[in-house]
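So the protein sequences, as listed, match chains C and A.
Here the UniProt record's numbering is used: the first residue of the first sequence is 1, the next is one more, and so on.
Here the UniProt record's numbering is used: the first residue of the second sequence is 1, the next is one more, and so on.
No lab work stands behind these hints, which were simulated from the structure alone.
In this text the structure is predicted, and so the values were computed from the model without any measurement.
For every residue, glycine included, the Cβ atom is placed at its ideal position computed from N, Cα and C.
A portion of the hints provided could be inaccurate.
Stated by the list, open to error - Not the full set, but computed from the structure, chain C residues with beta-carbon under 7 Å of chain A:
id: 1; residue: M1
id: 2; residue: D42
id: 3; residue: G48
id: 4; residue: F50
id: 5; residue: D92
id: 6; residue: L127
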Amino acid sequence: MAKYLLLKHYRGAPAPVNDVPMDQWTPEEVSDHIRYMNDFADRLKETGEFVDGQALAPEGSFVRYDGEGRPPVTDGPFAETKDLIAGWMIIDVDSHERAVELAGELSAAPGAGGKPIHEWLELRPFLGEAPTITE
Amino acid sequence: MNEALLRGLTPSVLTVLVRRGADFAAAEDAVQDALVEAVRVWPTDPPRDPKGWLVTVAWRRFLDARRADTARRRREDLIEEEPAPGPAPAADDTLQLYFLCAHPSLTPSSAVALTLRAVGGLTTRQIARAYLVPEATMAQRISRAKRAVSGVRLDRHGDVATVLRVLYLVFNEGYSTDADVDLTAEAIRLTRQLAAVIDHPEVVGLLALMLLHHARRAARTGPDGGLVPLAEQDRSRWDTELITEGIGILQTALARDRLGEFQAQAAIAALHADAPTAEETDWVQIVEWYDELVRLTDSPVVRLNRAVAVGEADGARAGLARLAELDDTLPRHTAVAAYLHERDGDLETAARLYAEAAGKAANLAERDHLTRQAARLNARRRQ
């Protein structure tokens, strides 16, 4: 009963084992990849472990307050240098071991040649889980 | 319409159906139908025996559902098998439902969800909100749990310890979440109910523990929502009625001389609750209870807490010596080290360790609290 955020990176994470950009895959390989992700989410809905998940657009910008009565300052996108997040999923599982197991499963999504990408997924626990009551 | 009455009756009605041979999921559906019917009918036509009424209606609904999808002969068999009406002993019914909901085949989160649903009578939406997950997710969790126990026979009791663990999980969850359903109060209500139907010193031990923790609830958070540590809590805000009740229950349990983990934890909570000021806390006795807990559980977390108690009873140096014997990757190890170093007068080390502990905290209230401790010591050192 702990929530975890699974982060899928465009860039910024260590290179995957099967490191071929998606636009170099065959259309079937792309479809298989997407189907794998959808099936994964469906299975988690079935087990009652799925909370939410979305894909993100690659472009984003940084925004900052610029003082009273002035419009916020924006900067970016930093498409060339910065880490970009491709999408995220929130799961609610019984243990950290289970979260690692699921992240591993998601990382096995097929890519070029129909082989698992072995991409690195970032796994971040949510703060706010129940404290053990000891004083 | 008395919602509390209906919720209180739900588990025993459900158990009657399951014991008569209804599949758990089908029985639950039938009981829900009966509850809806009760809400419709009772205001104008209240039954003399609410439970008997619900059992009759639910069983009829269950049979209707079976009739819809089973063969004619099977249906006739079922009707022939229908036992003579008449209430089964309510206490035993409810108890068996507790064991079913905490069945070892269920994961902890499924067991918790099923218990809140079947024994607590909460709606799926209420449980989902309390756990901050989508309703569909909670619905799946519950229906999987129902499937997992669908073949389990309700003919004997399971392990009380499993049931207590589930109730304690519900209670702990209530400590951190702030939803429209108060899971802490719900855990206490269910444990009270369990204590009424089972004679076991650990059940009342857990009840006492919950009451003693719950009694301090109002004082645990400051006006800004931040964590207030035990020593700094405004003791006038503790609920003395709950403390008196908790201590009374604990004493009765201890007198039976069948000590368990929950009774020992409750004894420690009682010693804290009994102290008029933090300085007057009987730390020597608390250390003795931690010794019992170490004997009962051999848990590293208990040893960590014991180090804190030793630090209070015999001085910070003694506490640090106990701490040095423990694995420093234990959760809260760094926070305890920070505290003991501060007590020992080494503010620089303490501030550094508080900041480090904040980085490792598992929840926001704790992280904010530790960050403030580090900031407080750093500000003092700059003066």
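Hints, one by one, checked against the model:
Taking 7 Å as the C-beta contact cut-off toward chain A, the hint placing M1(C) at the interface holds, the least distance being around 5 Å. Among the interface hints, the one on D42(C) is violated; its C-beta lies about 11 Å from the nearest C-beta in chain A, farther than the 7 Å criterion. With a cut of 7 Å, the hint placing G48(C) at the interface with chain A holds, because the nearest CB-to-CB distance is about 3 Å. The interface hint given for F50(C) holds, since its Cβ lies 6 Å from the closest Cβ of chain A, which is under the 7 Å cut-off.
Hint on D92(C) holds. Least Cβ distance to chain A is approximately 5 Å, under the 7 Å limit. Evaluation of the L127(C) hint against chain A yields a held restraint, the C-beta minimum of about 5 Å falling below 7 Å.
The structure fails to meet hint 2 from the earlier list, while all remaining hints are met.
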